[in-house]
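Novice: With chain A fixed as given, assemble chains B, C and D onto it according to the hints.
The lines below spell out each chain.
4 protein chains.
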Amino acid sequence: MRKRLMEYGIQIGMLERGRQNSITDVPGVRVGHKTLVSNSPEVIRTGVTAIIPGDGDVYDAPVRGACSVINGFGKSIGLLQLEELGRIETPILLTNTLNTGLVSDALVEYTLSAHPACRSLNPVVGECNDSRLNQIERRSVSAADVGEALKAASGGPIQTGAVGSGTGMICFGYKGGIGTASRILNFDNTPFTIGALVLSNFGEAGDLTIKGRRIAPLVPGIPDDHLDGSIMIILGTDLPLSHRQLKRMSNRAAFGIARTGGRCGHTSGEIVIAFSTANRVPRSTKTAFVETRCLVENNNTMGPLFDGVIDCVEEAILDSLFTAESTTGKNGHTAHALPVEEMMKVYDLTSVTAR
Amino acid sequence: MRKRLMEYGIQIGMLERGRQNSITDVPGVRVGHKTLVSNSPEVIRTGVTAIIPGDGDVYDAPVRGACSVINGFGKSIGLLQLEELGRIETPILLTNTLNTGLVSDALVEYTLSAHPACRSLNPVVGECNDSRLNQIERRSVSAADVGEALKAASGGPIQTGAVGSGTGMICFGYKGGIGTASRILNFDNTPFTIGALVLSNFGEAGDLTIKGRRIAPLVPGIPDDHLDGSIMIILGTDLPLSHRQLKRMSNRAAFGIARTGGRCGHTSGEIVIAFSTANRVPRSTKTAFVETRCLVENNNTMGPLFDGVIDCVEEAILDSLFTAESTTGKNGHTAHALPVEEMMKVYDLTSVTAR
Amino acid sequence: MRKRLMEYGIQIGMLERGRQNSITDVPGVRVGHKTLVSNSPEVIRTGVTAIIPGDGDVYDAPVRGACSVINGFGKSIGLLQLEELGRIETPILLTNTLNTGLVSDALVEYTLSAHPACRSLNPVVGECNDSRLNQIERRSVSAADVGEALKAASGGPIQTGAVGSGTGMICFGYKGGIGTASRILNFDNTPFTIGALVLSNFGEAGDLTIKGRRIAPLVPGIPDDHLDGSIMIILGTDLPLSHRQLKRMSNRAAFGIARTGGRCGHTSGEIVIAFSTANRVPRSTKTAFVETRCLVENNNTMGPLFDGVIDCVEEAILDSLFTAESTTGKNGHTAHALPVEEMMKVYDLTSVTAR
Amino acid sequence: MRKRLMEYGIQIGMLERGRQNSITDVPGVRVGHKTLVSNSPEVIRTGVTAIIPGDGDVYDAPVRGACSVINGFGKSIGLLQLEELGRIETPILLTNTLNTGLVSDALVEYTLSAHPACRSLNPVVGECNDSRLNQIERRSVSAADVGEALKAASGGPIQTGAVGSGTGMICFGYKGGIGTASRILNFDNTPFTIGALVLSNFGEAGDLTIKGRRIAPLVPGIPDDHLDGSIMIILGTDLPLSHRQLKRMSNRAAFGIARTGGRCGHTSGEIVIAFSTANRVPRSTKTAFVETRCLVENNNTMGPLFDGVIDCVEEAILDSLFTAESTTGKNGHTAHALPVEEMMKVYDLTSVTAR
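Chains as they are written, first to last, in this note's numbering: chain A, 1 to 355; chain B, 1 to 355; chain C, 1 to 355; chain D, 1 to 355.
The shape of chain A in the complex, shown without the other chains (with noise of 0.2 Å):
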């Protein structure tokens, strides 16, 4: 099992981490995943990973949300009323490009089986293509998976790299996937937790960048790789957020991506959707009023903040990388792991300073 980055001693940023450096520090927030792999008839490198963002049910009290869309060559649903509304009502899905539909489908037909009377639901999926590794167009997926994936959802630690969504994702070359962190964040002597949460398959080989080492291409890539990849970015918080400061958080994300040495390609799908698991509301109240406790906006408050958006992306792409396995998939191509042992030798990302 690979070690994550953190155990080499390699700093992102000057915050505190989380006590799983995982976007489940985020009280009540559950990961699970569901992994299809198979070689015949088809070479199937694909999957589902599920992120509950609260406890308890988010149907009958939903999450507060908000995207950003970085460049928006990408298929994700759900996105307009979460925009409109500024609530999550689902757990969140990722999956391959192909498969969106089906599990969007899948997640209706789950929230209708314990809600009957449900009528309207907005569904949230995000997607990456991860056709280098995966006979993408069978489209393998099943509603059966994304019951699996949801049902294997929970907190603590979880599992990253080639796993659920990211096992047929390519990042910079490597192997990437899923990949987390968290940063602690303290607000009038309270502690408060902010995580993310990717899904990695963007940015060329030779550009991967660790704390401002370009790392030159230690592995054989992926022959005529020309695809231009896509990031899906979920940002949790128990911080009390509204729709627009969400949204704010969301849109310093791609500063993490490019801390890593992304430059958002022409075809990328580059989508963050950020959540609280603050205020929440339940579906039907007695009152037409709320008390609810809100983030002053301010230089003190919102630059923690901003850093730990950026510093959880950047860790969490670079998560991905340091704890993805070596895939062996279409056509025999191998997307390799990518050597930190090796790379440590040749690059010092240890003594460098924090940021």
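Rather than coming from a laboratory, the hints here were simulated on the basis of the structure.
In this text the structure is predicted, and so the values were computed from the model without any measurement.
Be aware that one or more of the hints could be misleading.
Given that identical chains are not distinguished, each listed pair holds provided it fits within a single copy or across any two copies.
[Said to hold, decoys possible] In silico SDA-like links for lysine to any residue, alpha-carbon gap of 20 Å or less:
hint	residue 1	residue 2
1	K286	G303
2	K286	V296
3	K330	S120
4	K330	V219
Specialist: Same frame as chain A, but now just chains B, C and D:
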């Protein structure tokens, strides 16, 4: 068979209608429906409508497109990439709220069957909520139904009213559904066509307004009808318009809705998708540039264009009401057809001024 | 002195009007005008209108705000930061198109004089084009005029019609300008107020529509009048609304415009600025959090709120027409007052249904 | 006179630089400055920079434009109409935060003097806050200064560093201000130019990053410097790009900022304005259509274009630091020039890989 509004001598605006007074007057545009009606074991009143936004294969040569979200309480799929790239590469499908995922999935399958090398696709699917007449929670639409709607697509006169995705829709307390209209614009001595197709499912009983006349409820409504419904609007033209111009055009649809008495409620999904069949660019080109014609933007050009949009949307909504047959559905509830003859005895809709 | 629409017994919508039927019914909101009329050496028909969006000093404690751009052929200043931060920290000033820069500059100077430590400020200024009556190219507004409009600002009944920034405006071929209206909403047994103030300068002769009645031109228009005009809409409320809710609210203004016959022409600047006087946050706080009340979002709350917006905008536009006096300006051209008595003999505007 | 980054043999990216490595390499584009420096009665360190976005008169034949707002804590003027119409009809002026209104007003006056029949104009003005060195509250820029900046505008090599609007700006704790860069792109065997001009006033001391090397603070900073500054980015090209393509291009500027260590703070106004000199349409045309060339959108075209944007923005920011002279201003505080020779002894900036 019910008559269309134009057959009653009612004018909407001052522009000339197209030959069929239909979105299919735009050369190459085709429309097909699959209607689902059954009474046991469930009461099903739903369906699929397919709009093919140009001749030939839109995957090989996408059409230019843009969208406008008047109120985003809606589950449309595909608008993200449409906004980024300004193009539509699949038919546009309309269905019920809880079947968007499945319909999107079927559209991917359909495209893959014709284009087996396709590895990324942006299906465009819109929806309204037909749960007042349809047991929507049964999610009755199948991939085969999608295929039939696509196969049925043709130019010329199209079916309107309680058909396809319009089968279970209600508008201003009357039976609504599919409506269409078109107008002719002349620029530089050349005629161009603009057309609208709507899926109407909005409006409170008593708000319906025709040529400024507020029509009192003439039929009993659905009991306990509190749904604050939606409308999907598809606009097509053969005018050479840029993405920005298509977006400006789609922004005017709200004024057409307002003229029928719509008030854009909290839970409405009011979505406009506009496309131009001009200046199609093949998926793959040998050169880095293409020569295109563009509409110059001034009051002489945009004035008639915007008038055409507003008039087409207004008439298409009314067309859905004039042509939809009474439909009895779930719980034995009936959405009554707009009693046109009776209404026209009470309200003088033909002598009032043209707009 | 001309009478307001409500004095003729005309109802717009079903909600109760506020005491003054004015945006100043929102507690703390104040309005002032500076009217500029002279005939030599130039023909000047222009001015400034100041809306102070809350009691006390809005620099010290900004109000929450949002905006909506229906058509962006306009030169409003300050909307960028309003959208990012969701707050307004200056009075809102309205003037003619070619004086926005100067008025913005004067607003900075005015704020600096009261807050000498200020080093950054986001002035909010809107405009319409009064060049049909005013020699706009003389850019007659001065910083002193801005000061006078601000000094004149008060609560209670406000002047409407051909006053302040409305002095030279034309609407549907009649004299337009400033109009206002308000409505009372009740939530949890507490009354709240929503109010609109408009600067009307749009609409083609013959398109004016009152309660669905299209009013034929009753006066001669300005010769060769091809201007496709604009409208500024300011919405205020004491309801505790978030930025997102204020934005949703401002999006409904288009429906109020449409009900008067407006069609949102190519060259129109149709801009809505909405603010809430609730939950004001001081510029500097000791804590990182504030406790706020928020309106729960459902059909029971947003329905009346959106109705209130649409009705206020519709009535405020008509109010500008009912109260503006005939004005002769540049080239001896006259924008005639809407001949209300004559109109009401022809059109029955009181017996028709409430909406 | 300080040397530019390129004179030290530092490469940014892999594309060829233009002849002057300046936005003025785009044919027709001109830049002029008016620098304001005085010490009594006030300490003034400010100015105006004019960018004329094409040859001839941009009022008569506007250029195509778009903008992107990375963080909207900024007071730029004119972006609303730029987004609606996709065109720029005045020079683009840059100045200090509290003088935008006056500069906008002067730009109207300037245009009117050449075009006395003009009755509507959309001036485009951007700003950063120079209050750390400049007594910004004195608002020292005059209309005459604007005129001088415009008069000084010329092609060829341009002044950079502490000049014009850059006179009082600070970047990463060093003296910042104006910087520029350009790149050559080849499509269909034809060379095109893309250029950037920045007004840099952002970044915390210690965050400056050059080619991945984080540069430790080499000079003392301004005491109590808590300003979380801004950047204005102007992008020009002679490539024939649509509004949507220009917007996509401007969205990439954030990645160039990030590569220099920028983190997009809460109070930053990070605004990008992009224009194309191709396909200019005269203000008045006899026909309803124009023939235009458009860039086909795929990885082969957009890839180099986006690389060019990112590289130009990165280098233009660094160029502002390399060329700006130390400047002592308000309160005797000094913003020190980046000590390039000293820095290059410590950091190897020439041997690292090209990107």
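Novice: For the identical chains here, do K330 and V219 meet the 20 Å Cα criterion within one copy, between copies, both, or neither?
Specialist: Close inside one copy (18 Å), not across copies (55 Å); limit 20 Å.
Novice: Could you figure out if K286 and V296 sit no more than 20 Å apart (CA to CA) within one copy, between two copies, both or neither?
Specialist: between (28 Å within a copy, 10 Å between copies)
Novice: With identical chains treated as interchangeable, where does the CA-CA distance between K286 and G303 reach 20 Å or less: within a copy, between copies, both, or neither?
Specialist: between (37 Å within a copy, 16 Å between copies)
Novice: With 20 Å as the alpha-carbon cut-off, assign the pair K330 and S120 to within, between, both or neither.
Specialist: between (39 Å within a copy, 16 Å between copies)
In this structure, none of the earlier numbered hints is contradicted; all agree with it.
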